[in-house]
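> Please model the complete structure; the sequences and the hints are all you need to start from.
Chains as they are written, first to last, in this note's numbering: chain A, 1 to 328; chain B, 1001 to 1328; chain C, 2001 to 2329; chain D, 3001 to 3329.
Bear in mind the hints are in silico, worked out from the structure with no lab data behind them.
Computed from a predicted model, the values in this text were never measured in an experiment.
By construction, the Cβ of each residue, glycine as well, lies at the ideal position given by its N, Cα and C atoms.
It cannot be assumed that every hint is accurate.
[What the hints assert, rightly or not] Taking beta-carbon pairs under 8 Å as the criterion, some of the chain C residues facing chain D (in silico):
(1) Ala2162
(2) His2164
(3) Glu2165
(4) Asn2168
(5) Ala2171
(6) Ile2172
(7) Thr2196
(8) Arg2197
(9) Val2198
(10) Thr2207
(11) Tyr2208
(12) Lys2262
(13) His2265
(14) Ala2267
(15) Thr2268
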Amino acid sequence: MSTASEVKPEARYIDALGEGMALALEEDERVIVLGIDVGAGGGIFRVTKGLHERFGDERVIDAPISEMGYVGAAVGAAMTGLRPIVEIMFMDFVGVCMDPILNQAAKLRYMTAGALEIPVVFRMQTGAGRSAGAQHSQSLEAWFAHVPGLKVVLPATVADARDLMLDAVHDPNPVVFVENRRLYAMRGDAEAERLPLGKARVARPGDDVTVVTWGQMLRECLSAAEESEASLEVIDLRSLAPLDLDTVVESVRRSGRLLIVHEAVQDFGAGAEIAARVGDLLFDELRTPVRRLGAPAVPMPFSPDLERALLPTSKAISSAAEGLKAEG
Amino acid sequence: MSTASEVKPEARYIDALGEGMALALEEDERVIVLGIDVGAGGGIFRVTKGLHERFGDERVIDAPISEMGYVGAAVGAAMTGLRPIVEIMFMDFVGVCMDPILNQAAKLRYMTAGALEIPVVFRMQTGAGRSAGAQHSQSLEAWFAHVPGLKVVLPATVADARDLMLDAVHDPNPVVFVENRRLYAMRGDAEAERLPLGKARVARPGDDVTVVTWGQMLRECLSAAEESEASLEVIDLRSLAPLDLDTVVESVRRSGRLLIVHEAVQDFGAGAEIAARVGDLLFDELRTPVRRLGAPAVPMPFSPDLERALLPTSKAISSAAEGLKAEG
Amino acid sequence: MSTNETAAGSASGTATEEFDLFATMALIRAFETRVSELYRDSEIPGFVHTSLGQEAVAAGVGSALADGDYVATTHRGHGHCLARGMDVEAMMAELFARGEGICHGKGGSMHIADPAKGVLGANAIVGASLPLGVGAALSSKLLGQGRVSAAFFGEGAVNQGAFHEAVNLAAIWDLPALLVCENNIYAEFSDSRRMTRVPGVADRAATYGIESETVDGNDVLAVNELALAAAARCREGAGPFLIEAETYRWHGHYEGDAQPYKPEHEATAWRERDPLVVSRTRLLGTGVAAEQLDEIENQASTRVEASIERARQLPPPELEEAYADVYGE
Amino acid sequence: MSTNETAAGSASGTATEEFDLFATMALIRAFETRVSELYRDSEIPGFVHTSLGQEAVAAGVGSALADGDYVATTHRGHGHCLARGMDVEAMMAELFARGEGICHGKGGSMHIADPAKGVLGANAIVGASLPLGVGAALSSKLLGQGRVSAAFFGEGAVNQGAFHEAVNLAAIWDLPALLVCENNIYAEFSDSRRMTRVPGVADRAATYGIESETVDGNDVLAVNELALAAAARCREGAGPFLIEAETYRWHGHYEGDAQPYKPEHEATAWRERDPLVVSRTRLLGTGVAAEQLDEIENQASTRVEASIERARQLPPPELEEAYADVYGE
Ligand SMILES: Cc1ncc(C[n+]2csc(CCOP(=O)(O)OP(=O)(O)O)c2C)c(N)n1
Ligand SMILES: Cc1ncc(C[n+]2csc(CCOP(=O)(O)OP(=O)(O)O)c2C)c(N)n1
Ligand SMILES: [Mg+2]
Ligand SMILES: [Mg+2]
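See below:
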């Protein structure tokens, strides 16, 4: 396995994730990788491929199908000197292991007035678009962003897959690390400018409409920007907690228009927070209402046709942006 | 135990909850009550007091400390002919039993194209203000509102404690039923006008600022309305899903100003959705930005002094409302 | 019930009974074989987990249940659905994500269900079938219906808290729950024997104070007779019973998984104990003609093939379907 | 280790050892007695669960641990904290929600912790101590620290999935985890014997392939000797060990609970087996003077009283404290 600087410019997202974990394992003995089939099997999506071979049984650990147990154990381990990267195979499975994230990792530093430090990374693969059905397609990042004490990062580029992984491991706080499955095969520049965790990136400058997004939807937004008659400034938020509102506000000040795009169900989704904040802060400067584009309030259907119809597309994004521009 | 019409006008909220359950048990043999110590013990907060005595072992069932098991069993029972009212003692405990709510109850009707019906009520007691610490004080209603397939009701009055309980039991859908513990001892009119589940109530008319709230914060908002120099129209939302936006919009059209108040953490809370929607729909009619008042993004501390300082008070509400009025 | 009783029962099994069981297995075999191919050819989308090699458990247990009984199953549930008489065409159409699929294309392989037949659904959350199945058993008991609720689960699911909690509930509430563990040794890429110090699942029943029995999961008659006895026991109000059926999945966890984690001799040995061959051999021994059995297999293939042809012609769901059935009125 | 060995160990316990154990129990007794009163008088806010009657488990296990060892405990954790040497004044100040409390008033009774002493905290989620404690054992093993991690839990917590999953993890990963069940028969208002068909918790260890032993939880010497042996075993790398300590809580689940669910004769019988009296009687038998023991009890009371006096004088936390420690830098 190569070191960071050797990652090919056109590396795949999935390899960059593995690279990030490998670098973390290499530089710090306290880092471990833990999850179902993350070991010799290399993970059901092959994200941890090669790690077990290289770092062995004690660093790359297969867990039984006991998420409550092993995620909780990762939190206990993080309190006592290890820095676990623990995998929840699908974000939907937090249904069986939310307590260690919600009530333990997020709160124990606070409840002990800082005496406990909990440097744990909760990796979770997410997202629709693969006909995986309603129990394997959810984007629940809004839940985590609503819990004080957690950080929530959502790498959308190849470079960020590696860099945010490293940042998450280095972070002294519990970090929910969201990987959209549809990005795994994506190739891209692994050597983009490195921004710290918590800082949004202007992925593409533009004048007419600010488009804020994260994760898989960044690609759609960038395509929309290519296609659209309006000039879109696309911001990749990179993390929801911390939320880099400054970058958003700075952009909307210029454009006067804001469109928020996410794959998650729109209702009560994370986009609402951004809309609410910008709507308040820039009340007098907005030329048009803040708009959101997310999935409708239905469970994700199995049928690929239905699924496709429910997810925001570049076309829907560009027409929403053009609509905003036309509005005022 | 008395029937509905005999509930004293100044009944307590907690008794109205019990009354609602008793009526439901009485009118339909398929209704059962299930939870930890809900039986002969009458519940840790005495909400189910008397039900076991009256309806017996098979209708009012004590469960072991196995939330994943018994909440899941309630969902399985609801699919097959029973209408369970299942208690999760503290809303925070959804951390150990989210799957049956998130992935089963909310989705199985949809995934089976309507062949399964899941009439289950998830009662959960919630709220801060009792020095119960960070793991026993959370208001996570935004999580549930974000999940298509669930209804989310939050009775704020004595009459609603009974009436929404009955509506929830009668509903063919899974209903998350949120009881703020600080309301338990509240006395009030049990015979208020009955509105259907899904309809908001204008709890107090006013002209200057629309204040939208739910649960325990209704009291604070009503006090604020008493105290404030501004004229507040207070809307008790009663449910977040369905969300009665029409009532809100109608009011804001008149007042031109909206303040949303909830006990939950403000960031990524349910108030954001309302702010985002109203900000969009009434962009041209709002006189001032939509404001929110919720808890800051910290776990709830044990200390009563700190806790008090973090929760919205009638004073903070009235000054926020007055601030809005002064703004424009 | 003791192993002796079961053995006795087994001896008394008539050829006619086994004939039907064989037919059910043949249908599952044909269905899963084609589904595997169709998935490889990208005709079926999503995730698919076939039960090839495990047909005897589905057929044996499925046939032991009565009308009205419930089944809650897992991601690997096609066989259980077929064994409970679900419509092959409606199932295939569902896997093809068609609007006429049994779930209108909204469920798919991992969520296929037919409540009219008591099948509460496949389920994509490991362990979830247990609380749901126990809940159905609670309904049966409280409503006095005398129905049995069968919850299928893999040996991997035993490590889930949901297993532990649900089995205990079934025990203390004395529910008519038939807990059926298909121990196929692997959970995804993991050898489940490494995931617990005591791999016997039936042995674990003792910790919950319920009875259990291990059965050769590749012998459909043995499974059926144990399941009949256990279901009768449940129906009589004797409380839950746990069956551990020892079996093996032939294919990968998902189609395309090359299964490097399985020793070849193990896979070969289990292939040699093909449940259809085990049953065929016994049937031939009782004088049934090979042609008759071939005919059954051909019929199964024809039925499955027809369902595929039909599914191919069907349109995808109407877009409105995506918005329907989120809430009931 | 067999019961015989333990009994033998018990006989060899010296008076000096028991003397210290008695002192620890006396401190817990004094602390809990006053906390109960202070809570009734509304001087202590929130939820409080006292361990009166269970002092021998805390003292016996706590004294068996070494510096650097970990403790993860429950809502009923004051005794465990005191037995691990946590500062009485800082604890009392915490219960009073003072800024100088060990958690700066942000944790309280249900979350009291002192990582510097290895105490990872009381925990208000039933069952949570098990995965957390197992995680600490994983740290110890992987970092080669030879530390033991003790996870306390009640018999009610055994019905949680977290118990099942965590015990299995400790087993398959061979972790130095000391799993200590305080079986005080009740979980809130529920008689735990009604909540499972097999009430013996130690018996359940077999299902995970680990060793276990039941001990008289009101005999501090027996608990201590078992815990010493079990901790030594853990430290040697022999994997987890489960202790079931049979004991009884004197007070209600929470202060004010009138305990109508407990038969009086049962409560009386257990009160008669007061762990402090059991120990006192044995110490007197070895020639220790009653005055010496009285003196220990007086010292404990004085120490607790001083902590109360101090806590009363202390100010609440500064408001900024509410916003501190959410995230680390
Ligand atoms: C809660 C949860 N964790 C993990 C998974 C991913 N997963 C799907 S099937 C499977 C293996 C299940 O093994 P087993 O129970 O033995 O059933 P089998 O596949 O062998 O039939 C896993 C880990 C899941 N679907 N749900
Ligand atoms: C997940 C969860 N469910 C329920 C509760 C409420 N609760 C607090 S203590 C308790 C009883 C615990 O009994 P046991 O484990 O025997 O401990 P004991 O109180 O007897 O020490 C319950 C049900 C909780 N805190 N967490
Ligand atoms: Mg398996
Ligand atoms: Mg107990």
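> Next, verify each hint and record whether it holds.
Against the structure, the hints come out as follows:
1. Ala2162: 6 Å, holds
2. His2164: 4 Å, holds
3. Glu2165: 5 Å, holds
4. Asn2168: 6 Å, holds
5. Ala2171: Check passed: Cβ of C/Ala2171 comes within 5 Å of chain D, closer than 8 Å.
6. Ile2172: This interface hint holds because 6 Å falls under the 8 Å limit.
7. Thr2196: 6 Å, holds
8. Arg2197: 3 Å, holds
9. Val2198: 5 Å, holds
10. Thr2207: Holds, because the Cβ-Cβ distance from C/Thr2207 to chain D comes to roughly 4 Å (cut-off 8 Å).
11. Tyr2208: OK, holds: C/Tyr2208 within 8 Å of chain D, min 6 Å.
12. Lys2262: Constraint on C/Lys2262 not satisfied, violated at 20 Å.
13. His2265: 25 Å, violated
14. Ala2267: 24 Å, violated
15. Thr2268: 28 Å, violated
Hints 12, 13, 14, 15 from the earlier list are contradicted by this structure; the remaining hints agree with it.
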